[in-house]
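Participant: Here's the letter readout for the chains.
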Amino acid sequence: MKNENYLNLDFTDRLGDILIDRRDFLKSFGGGIFILMTISAPSVFAQRPSLPTDFNAFLRVGEDGRVSCFTGKIEMGQGVITSLAQMLADELDVDLESVDMVMGDTDLCPWDMGTFGSMSTRFFGPPLRAAGAEGRRVLLELAAEQLNEPIDQLVVENGIVYARSDNKKSVSYAQLAKGQKIARFASEKVPVKTPDQFKIMGKSYLRQDAREKVTGKAKYAGDVRLPGMLYACILRPPDHHAKRIAVDVSAAKEVEGVRVIEENDLIAVLHEYPDVAEKALSKIKAEYETPESDLDENTIFDHLVKVAPNGNVVAENGDLEKGKAEAAKIFKESFLDGYKAHTPIEPHTAVVHVEGDKATVWPSSQTPFTAKNEVAQALGFPAENVRVISPFVGGGFGGKTRNLQVVEAARLSKLSGKPVQVAWSREEEFFHDSFRPAAVVKIDSGVDQNGRIVFWDYHVYFAGERGAQHFYAVPNSRTMAHGSGWGGDPGTHPFATGAWRAPGNNTNTFARESQIDIMAAAAGMDPVEFRLQNMSDEKMRRVLSAAAEKFNWKPAKAPSGRGYGVACGTDAGTSVATMAEVAVNPDTGRVTVKRVVCAQDMGLAVNPHGATIQMEGCITMGLGYAMAEDLHFKGGRILDLNFDAYEIPRFSWLPKIETVIIDAKNDAPQGGGEPAIITMGAVVANAVFDAAGARIKRLPVSAERVKNEIKL
Amino acid sequence: MKERIKFTLNGKTTELDVDSDRKLLWVLRTDLGLTGTKYGCGEGFCGACTVLIDGEAERSCQTSMIEIKNRTVVTIEGLEKDGDLHPLQKAFMDNDALQCGYCTPGMILNAYAMLSNNPDPTEQQIIDGMEDNLCRCGAHKRIIKAIQVAAKSMGGF
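So the protein sequences, as listed, match chains A and B. Residues in the first sequence are numbered from 1 upward in steps of one, following this note's numbering. Residues in the second sequence are numbered from 713 upward in steps of one, following this note's numbering.
There may be inaccurate statements among the hints.
[Stated by the list, open to error] Here are some chain A residues pointing at chain B (derived, C-beta under 10 Å):
hint, residue
1, Q78
2, G79
3, A218
4, G222
5, Y273
6, V305
7, K306
8, I345
9, G396
10, A583
11, D587
12, H609
13, I619
14, L639
15, F643
16, R650
[As the list claims (entries may be wrong)] Here are the simulated BS3-like cross-link-like pairs (lysine-lysine), alpha carbons at most 25 Å apart as the crow flies:
hint, chain 1, residue 1, chain 2, residue 2
17, B, K793, A, K203
18, B, K857, A, K203
19, B, K802, B, K718
20, B, K714, A, K217
21, A, K634, A, K656
22, A, K283, B, K724
23, A, K711, A, K329
24, B, K714, A, K253
25, B, K853, A, K203
26, A, K322, A, K442
27, B, K857, A, K217
28, A, K219, B, K802
29, A, K329, B, K714
30, B, K724, A, K594
31, A, K550, B, K857
32, B, K864, A, K656
33, B, K864, A, K279
34, A, K550, B, K793
35, A, K219, B, K864
36, A, K656, B, K857
37, A, K219, B, K714
38, B, K802, A, K193
39, B, K853, B, K864
40, A, K279, B, K714
Just so you know, these hints were derived from the structure itself, not from any lab. Even for Gly, the Cβ is constructed at its ideal location relative to N, Cα and C.
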């Protein structure tokens, strides 16, 4: 194929209407070969604003032969900087080291909705691979012309194209890309590799960003320093419902070098040193009126059920009344789960530099393109005047999909005329970050005399639909979701709630898998056998059996005194089964998790090593909500404001962890960053029951709750 | 009150005129531009701001400038020698002992001080020694492994 048949980079005719506002930034690149791709929208996000119809990521093979992938995704520890590069390198037949990931820069990278929902590999993976295959095809076509060989007589190794007949006849990607300006859409007509052709995918690689991170060179938002930059500390209310009635900033103004900025609700102290700004802020005297509230971590559950809207049917089959008539035993239970904090070790931070009618933004954000629009709106700028550059993000877990601190920094930069950094303190993080919503699950279910589940009536209040639907073979079943798992109407939650690693699914899986265990125990059956007897889902059966084999599970009716627990779940297309062994101190109720085995089927694991690390991270983080994390509050006042009060997992909590990834390389890749966390609440609760006969129906499974319920 | 504070920072004599009750963390990050030392909680609970002072791991968010007068401070930027990474840095890389990387400098420096006091720790001693450094991504298991590997390769410091 000749060059003129390719779409030329100036896009004057063929791509003009598609690339109107992309043209400028593509023009700004030098030569090379560009492949444009579209990341399709998963149906779960269909209710969100419509996705663009043009491309939203692309790769470039530069004139030096280096491959760059431009994507709005960001790296926050989950490792896509490595796994995405692996997919691309494999399809293109280049070294992993020759791939550069350019992530989350809104001027260089096309629009992306954000990095969350275990979606990067699932939904970005396929188009990225297609683009890689397309790029390889373009290079082969150029090579065929140059080497005067038919394409099917060419082979590629590490970015060099050889003639099959004579390996002295060769040309490198760098030579082929030199002087070219070619752009193509990934057509998906060029086939991607089959698993037997993989050289890089499915193999384990170490993190690509580790060197920067162990030397302190990796830049996070707070590490961005600009000439003249001021650090801002913002006056905060003591309670989310507090109304400021008086304020006196005069003492703060007297601190040398301090600027106090007041605009409507926003009062901030700015200084070239953050600690001086903080000190000056403490000199501001403010009075508030705060409404009384009875809501706290104990009363919230009745409140939620009371204010919940009528439910939506998530799934339904059979006839519940018929099932109830067939039941030999009926179980009516409620499960409770309180608010949880994200607590990334890096609090929300942003640097914004407003210059004239333009703004540059360095945020700790999982949603750089949302941040761009929010800044534009706050400043009254057209969106194209705002550029977001994503530094490394020091943990997100869903909390950094909200960008309040970015808007604060933007407003203060505009008002002060200086670059401004807003870095929330830990106390601010515990107050202004969103929380995983408190939720209630009510389940009414029954088994017949043979231990078959004959009906299942499931109602979740404010954990939402994710993970609500069960995967058991139940002839009469209904799953209802009352209220959203993200938030609710005003008056639902006393403060902001939002996505927390595998949103809703931790609560739903805790409730469902506890109820399954309650039924298994009452039926006098081993909890694994009970599950298998009531499960026709082949993928889940395989996963559960794999976990049982690794764990060396021996059937016994609970409570057996061994302290063994099991829980299954599905999330982001992945099936997971977790088993745990715990010990319970009979005097204190204190639970020690000794061992966790987790098996998951995630389809093709692009980087098995990276996927294993994500599973370990999920298990470790999950111990927190399972055993300790529970936000204390009184109305809109948060009582846990640092790590002394809100406990997260520590080194001594760590059990022995063993992971199994089911070999499913012929299946499409599924989510990996979240699934293994969803089973942690239930597996600990079920193991505690097995150890001590204590059935804990409210998370966390704290020592105090266990102590009060010990039966063995 | 401003005072001239002289100390050794990453092997170099450093003199600063600073308010002596300012915290080392902020002076490192702002006045000196060494941003490898991180803010995590501001109260000494998390360990992200850990540095070495006279070889011991200290929380720089809790350390006033006056306390480091005439003392030796090492930050994460000071571990690399002539382009060679310290064995702990290498072991953290080779064992993927990090995810988001934000707690990593504090973890490495805390482990450094621990190994200088006890070059051949048991697993339990590593756990006890690292207990007060927090990681939210869940890299703990691999951090323990990395410290074991580093201890071995350092052959007794």
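Participant: Does each hint fit the structure? Answer for all of them.
Facilitator: Status of the hints after comparison with the structure:
1. Q78: 7 Å, holds
2. G79: 7 Å, holds
3. A218: 5 Å, holds
4. G222: G222 of chain A check passes; min Cβ-Cβ to chain B is 7 Å, inside 10 Å.
5. Y273: 5 Å, holds
6. V305: 31 Å, violated
7. K306: 34 Å, violated
8. I345: Because about 5 Å separates I345 of chain A from the closest Cβ in chain B, which is inside the 10 Å limit, the hint holds.
9. G396: 8 Å, holds
10. A583: 17 Å, violated
11. D587: 23 Å, violated
12. H609: 7 Å, holds
13. I619: 7 Å, holds
14. L639: 16 Å, violated
15. F643: 4 Å, holds
16. R650: 5 Å, holds
17. B:K793 with A:K203: Given that 25 Å is the threshold and the Cα spacing comes to 33 Å, the pair is violated.
18. B:K857 with A:K203: With a Cα-Cα distance of about 21 Å, the restraint between K857 of chain B and K203 of chain A holds, given a limit of 25 Å.
19. B:K802 with B:K718: 32 Å, violated
20. B:K714 with A:K217: 30 Å, violated
21. A:K634 with A:K656: Status violated; Cα separation ~37 Å.
22. A:K283 with B:K724: 37 Å, violated
23. A:K711 with A:K329: It holds: about 22 Å lies between the C-alpha atoms, which stays within 25 Å.
24. B:K714 with A:K253: 20 Å, holds
25. B:K853 with A:K203: Holds, because 21 Å separates the two Cα atoms, which is no more than 25 Å.
26. A:K322 with A:K442: 20 Å, holds
27. B:K857 with A:K217: Judged against 25 Å, a Cα distance of about 23 Å means the pair holds.
28. A:K219 with B:K802: Between K219 of chain A and K802 of chain B the Cα gap is close to 19 Å, so the pair holds against 25 Å.
29. A:K329 with B:K714: Roughly 76 Å between the alpha carbons, so the hint for K329 of chain A and K714 of chain B is violated.
30. B:K724 with A:K594: 47 Å, violated
31. A:K550 with B:K857: This hinted pair holds, its Cα atoms lying about 22 Å apart.
32. B:K864 with A:K656: 22 Å, holds
33. B:K864 with A:K279: 45 Å, violated
34. A:K550 with B:K793: 44 Å, violated
35. A:K219 with B:K864: 30 Å, violated
36. A:K656 with B:K857: 13 Å, holds
37. A:K219 with B:K714: 30 Å, violated
38. B:K802 with A:K193: The given pair, whose Cα atoms are some 34 Å apart, is violated under the 25 Å limit.
39. B:K853 with B:K864: Holds: K853 of chain B and K864 of chain B sit about 17 Å apart, inside 25 Å.
40. A:K279 with B:K714: 16 Å, holds
Consistency note: the structure conflicts with the earlier hints numbered 6, 7, 10, 11, 14, 17, 19, 20, 21, 22, 29, 30, 33, 34, 35, 37 and 38.
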